[in-house]
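With the hints as extra help, turn the sequences into a complete structure.
There are 2 protein chains.
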Amino acid sequence: MTDSGNPHAHAPGTPTVAVIGDGQLARMMQTAAIELGQSVRLLAGAPDASAAQVAADCVQGDYHELVDLERAVEGADAVTFDHEHVPNRHLRTLLDRGVVVEPRPEALIYAQDKLEQRRRLHELGLPVPPFAAVESIDDAVEFFERVNGAVCLKATRGGYDGHGVWFPEDLEDLKKLVEKLLGDEVPLMAEEKVPFTRELSAMVARNRRGECVAWPVVESVQADGICHEAVAPAPGLPVDIERGTRTLAETIARELDVTGVLAVELFEADGPGGEPRVVVNELAMRPHNTGHWTQDGCVTSQFEQHLRAVLNMPLGSTELAAPHTVMVNTLGADESPEMPLTERVNAVWRRFPHAKIHLYGKSHRPGRKLGHVNVTGSDLRAVRREAQLAAHFLVHAVWADGYREA
Amino acid sequence: MTDSGNPHAHAPGTPTVAVIGDGQLARMMQTAAIELGQSVRLLAGAPDASAAQVAADCVQGDYHELVDLERAVEGADAVTFDHEHVPNRHLRTLLDRGVVVEPRPEALIYAQDKLEQRRRLHELGLPVPPFAAVESIDDAVEFFERVNGAVCLKATRGGYDGHGVWFPEDLEDLKKLVEKLLGDEVPLMAEEKVPFTRELSAMVARNRRGECVAWPVVESVQADGICHEAVAPAPGLPVDIERGTRTLAETIARELDVTGVLAVELFEADGPGGEPRVVVNELAMRPHNTGHWTQDGCVTSQFEQHLRAVLNMPLGSTELAAPHTVMVNTLGADESPEMPLTERVNAVWRRFPHAKIHLYGKSHRPGRKLGHVNVTGSDLRAVRREAQLAAHFLVHAVWADGYREA
Ligand SMILES: Nc1ncnc2c1ncn2[C@@H]1O[C@H](COP(=O)(O)OP(=O)(O)OP(=O)(O)O)[C@@H](O)[C@H]1O
Ligand SMILES: Nc1ncnc2c1ncn2[C@@H]1O[C@H](COP(=O)(O)OP(=O)(O)OP(=O)(O)O)[C@@H](O)[C@H]1O
Ligand SMILES: [Mg+2]
Ligand SMILES: [Mg+2]
Numbered sequence: 001m002t003d004s005g006n007p008h009a010h011a012p013g014t015p016t017v018a019v020i021g022d023g024q025l026a027r028m029m030q031t032a033a034i035e036l037g038q039s040v041r042l043l044a045g046a047p048d049a050s051a052a053q054v055a056a057d058c059v060q061g062d063y064h065e066l067v068d069l070e071r072a073v074e075g076a077d078a079v080t081f082d083h084e085h086v087p088n089r090h091l092r093t094l095l096d097r098g099v100v101v102e103p104r105p106e107a108l109i110y111a112q113d114k115l116e117q118r119r120r121l122h123e124l125g126l127p128v129p130p131f132a133a134v135e136s137i138d139d140a141v142e143f144f145e146r147v148n149g150a151v152c153l154k155a156t157r158g159g160y161d162g163h164g165v166w167f168p169e170d171l172e173d174l175k176k177l178v179e180k181l182l183g184d185e186v187p188l189m190a191e192e193k194v195p196f197t198r199e200l201s202a203m204v205a206r207n208r209r210g211e212c213v214a215w216p217v218v219e220s221v222q223a224d225g226i227c228h229e230a231v232a233p234a235p236g237l238p239v240d241i242e243r244g245t246r247t248l249a250e251t252i253a254r255e256l257d258v259t260g261v262l263a264v265e266l267f268e269a270d271g272p273g274g275e276p277r278v279v280v281n282e283l284a285m286r287p288h289n290t291g292h293w294t295q296d297g298c299v300t301s302q303f304e305q306h307l308r309a310v311l312n313m314p315l316g317s318t319e320l321a322a323p324h325t326v327m328v329n330t331l332g333a334d335e336s337p338e339m340p341l342t343e344r345v346n347a348v349w350r351r352f353p354h355a356k357i358h359l360y361g362k363s364h365r366p367g368r369k370l371g372h373v374n375v376t377g378s379d380l381r382a383v384r385r386e387a388q389l390a391a392h393f394l395v396h397a398v399w400a401d402g403y404r405e406a
Numbered sequence: 001m002t003d004s005g006n007p008h009a010h011a012p013g014t015p016t017v018a019v020i021g022d023g024q025l026a027r028m029m030q031t032a033a034i035e036l037g038q039s040v041r042l043l044a045g046a047p048d049a050s051a052a053q054v055a056a057d058c059v060q061g062d063y064h065e066l067v068d069l070e071r072a073v074e075g076a077d078a079v080t081f082d083h084e085h086v087p088n089r090h091l092r093t094l095l096d097r098g099v100v101v102e103p104r105p106e107a108l109i110y111a112q113d114k115l116e117q118r119r120r121l122h123e124l125g126l127p128v129p130p131f132a133a134v135e136s137i138d139d140a141v142e143f144f145e146r147v148n149g150a151v152c153l154k155a156t157r158g159g160y161d162g163h164g165v166w167f168p169e170d171l172e173d174l175k176k177l178v179e180k181l182l183g184d185e186v187p188l189m190a191e192e193k194v195p196f197t198r199e200l201s202a203m204v205a206r207n208r209r210g211e212c213v214a215w216p217v218v219e220s221v222q223a224d225g226i227c228h229e230a231v232a233p234a235p236g237l238p239v240d241i242e243r244g245t246r247t248l249a250e251t252i253a254r255e256l257d258v259t260g261v262l263a264v265e266l267f268e269a270d271g272p273g274g275e276p277r278v279v280v281n282e283l284a285m286r287p288h289n290t291g292h293w294t295q296d297g298c299v300t301s302q303f304e305q306h307l308r309a310v311l312n313m314p315l316g317s318t319e320l321a322a323p324h325t326v327m328v329n330t331l332g333a334d335e336s337p338e339m340p341l342t343e344r345v346n347a348v349w350r351r352f353p354h355a356k357i358h359l360y361g362k363s364h365r366p367g368r369k370l371g372h373v374n375v376t377g378s379d380l381r382a383v384r385r386e387a388q389l390a391a392h393f394l395v396h397a398v399w400a401d402g403y404r405e406a
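If you're matching them up, the sequences are chains B and X in order.
Just so you know, the first sequence maps onto residues 1 to 406 in UniProt numbering.
Just so you know, the second sequence maps onto residues 1 to 406 in UniProt numbering.
Among the hints, erroneous ones may be present.
Which copy is meant is left open, so a pair is good if it fits within one copy or across any two.
[As the list claims (entries may be wrong)] Capping the alpha-carbon separation at 25 Å, the derived lysine to aspartate or glutamate pairs in DMTMM-like fashion look like this: (1) K362 <-> D77; (2) K362 <-> E74; (3) K175 <-> E123; (4) K362 <-> E179.
Please keep in mind that the hints were generated in silico from the structure rather than gathered at the bench.
Below is the structure:
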């Protein structure tokens with residue numbers, strides 16, 4: 001890790017993408033870049049962050065500071081992100097100076113601010129839950145009545161992995177929450193707590209030229225606001241709903257002028273006549289946890305596709321490489337098991353030579369995203385079981401099905 | 001690139017592999033390591049070499065020098081190679097000092113010295129062409145007579161990509177060659193020029209525990225001693241020959257105590273009764289050009305497998321990800337085309353969204369291995385054509401079939 005950039009890290013005549021962020025998404029963008037002969041320059045907060053560990057060219061700095069952003073993007077062909085927390089105004093400044101910011105700040109705002117997103121999609125006539133800005137306790141009470149108490153309260157900005165999402169039990173609870181959060185200057189909105197049957201994710205990639213491709217829609221299993229699993233393609237999704245959902249994601253990408261990968265998180269719920277319908281939850285304009293399956297289950301991974309899209313290169317095929325792929329996250333257990341990580345990996349591979357283990361080089365913390373496992377195959381039940389057992393063992397050093405090695 | 005190693009490049013509790021070499025094989029080992037949460041420390045000759053460009057931890061030095069090797073392997077869990085030119089005696093020294101050298105120098109010698117290899121395989125009763133050491137012109141003349149003039153003369157050490165392989169036209173030519181080469185102190189051997197019908201490659205991986213897995217045997221298309229294409233699995237190879245060839249490679253791995261990936265280059269020839277038979281050509285104990293197809297065509301790539309094997313971890317599934325995969329090398333054209341590389345890549349992707357392009361970050365030189373293209377699919381003719389057209393365009397900026405973009 002240098003503080004000034006490493007000139008040797010960029011082969012002449014090949015593109016460089018500046019990535020703001022140092023997490024696992026930036027890390028996996030790097031593996032894609034290396035295979036493509038491209039290169040990444042990171043803006044990282046710490047030299048041992050997940051992506052910084054493996055970076056040949058890494059600028060250390062704070063993404064809130066324009067000067068640090070400037071150092072990171074110098075000479076890069078495009079700049080992109082592994083999270084949505086870079087101040088939008090800094091990106092507008094960079095854009096004004098001719099830096100190729102992808103996605104553009106005008107698009108990114110809809111991934112940064114949940115209220116702006118709700119307003120814009122509603123305007124476009126796209127399906128979102130009923131919602132309202134919450135600037136006072138009165139706003140909250142009014143919305144509570146409007147949705148018969150089924151309220152989901154959200155921080156409009158800065159949330160991730162369920163931080164910034166609350167489900168108040170009753171009106172009293174809601175009032176107390178709002179009072180406290182407004183006092184802490186958290187910008188708030190409320191929306192209907194959707195009685196969804198499951199969550200879906202529709203991912204597309206789009207480049208500046210307007211070319212847009214979609215991956216198959218996947219089922220995403222969340223718990224406590226964190227993605228645990230993605231099942232590709234979403235099992236039992238009626239063909240017309242799948243097609244409609246892809247089109248919805250493409251429409252959002254086009255209307256919002258998104259470039260790079262766009263993930264549309266969705267709720268599947270029962271429509272008035274019992275038929276399934278989808279409602280948009282949030283947007284992410286970068287590779288997304290529900291797209292990790294593409295690394296092993298698809299011709300073009302979301303990481304390669306994101307680089308191609310932000311560089312305005314032609315997009316890759318999103319054809320499946322296997323009938324089914326299941327991705328399960330390895331989330332830090334409450335306590336790190338005694339068995340060293342490498343032994344856990346070995347045990348998983350001994351039992352499942354087929355399991356694709358991806359690890360992020362992060363130290364243990366309860367609930368932290370440390371890695372994921374992808375399993376592909378033609379028998380969905382077996383694939384899913386294997387991915388779940390493997391991820392569970394990596395985290396707990398215990399086989400959830402009681403299996404013992406001979 | 002640091003000269004002392006980068007401590008941040010290695011996440012605590014995850015293995016580090018020291019890789020001696022800085023070419024594309026080392027580069028692609030790094031992408032595999034990053035996804036596995038592992039890390040690589042390189043010994044590179046230059047800071048802008050293919051693998052050094054993308055390395056977070058890179059020691060600059062000369063692999064002929066023991067001190068440089070020592071610096072590179074310090075603290076690593078295993079040391080391995082991206083070529084076979086490291087002096088065997090240095091590796092024995094490292095091994096004596098407790099360094100985990102994989103493959104061991106006692107095995108590696110059979111990939112370093114073609115004469116040693118021929119002797120050992122012959123001793124084991126495995127199929128090799130008739131051969132002889134050549135220490136004098138008389139030795140050469142004697143061998144010439146023994147094989148009725150069908151002589152292939154080889155440098156026993158230091159050859160690659162056909163450098164070090166000669167096919168003398170007649171006895172005069174042979175004598176002149178031998179005189180010149182012996183004068184230059186090139187260590188020589190002769191073997192029968194095999195009238196092969198095609199070349200095959202059988203690849204296996206083996207760890208120290210003795211676990212051994214084989215990939216399907218592939219056809220390898222060579223021209224002027226350079227690999228141009230690999231077709232996986234080898235088309236039309238009778239099942240019993242395929243099985244026998246895999247077993248042959250496994251036997252070699254076991255008998256020679258090879259660890260890591262072993263590539264057995266083979267000739268397929270007509271047996272006395274017209275039935276196909278295979279004869280071993282050379283051994284490589286590392287990922288091999290004929291195994292690049294595994295990156296996109298197989299559950300476990302040769303790069304991931306090599307790391308797993310040299311770390312004595314369980315080996316991954318070698319199941320196919322697609323019925324057919326064709327890999328075509330992009331070898332530097334006589335003159336670099338005017339069209340910039342990125343535009344050539346774009347044109348290929350516009351026509352073939354399915355093509356997987358791998359580039360090594362190397363500058364142009366005629367005949368130089370600059371990258372490769374993998375194409376997977378179920379129609380072998382289409383797959384092969386696409387891979388060939390794509391690689392040809394990347395090199396020449398011309399569609400070999402006359403295609404013009406609309
Ligand atoms: N309106 C809603 N109705 C019901 N459940 C909801 C609603 N909004 C969010 N949730 C639940 O909370 C989870 C997290 O919500 P959301 O995606 O908005 O938050 P986040 O913290 O930004 O998460 P992410 O890490 O996906 O960015 C959702 O996946 C869903 O399970
Ligand atoms: N005995 C032989 N008979 C016929 N052709 C041969 C013979 N030996 C080598 N060749 C041809 O020359 C090519 C290169 O030979 P070999 O693999 O021994 O050389 P190399 O320079 O070490 O190549 P590599 O890059 O594969 O290490 C072979 O792939 C084959 O096409
Ligand atoms: Mg979400
Ligand atoms: Mg060879």
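Now the hints, each set against the structure:
Proximity of K362 to D77 under the C-alpha cut-off of 25 Å is restricted to the inter-copy arrangement: shortest distance 19 Å between copies versus 29 Å within a copy. Taking the shortest Cα distances, K362 and E74 sit within 25 Å of each other only across copies (23 Å), while inside one copy they are farther apart (28 Å). Taking the shortest alpha-carbon separations for K175 and E123, neither the intra-copy value of 29 Å nor the inter-copy value of 86 Å comes in at or below 25 Å. For the identical chains of this complex, K362 and E179 are neighbours neither inside a copy (36 Å) nor across copies (60 Å), given an alpha-carbon limit of 25 Å.
In the structure shown, a violation is registered for the earlier hints numbered 3 and 4, in ascending order.
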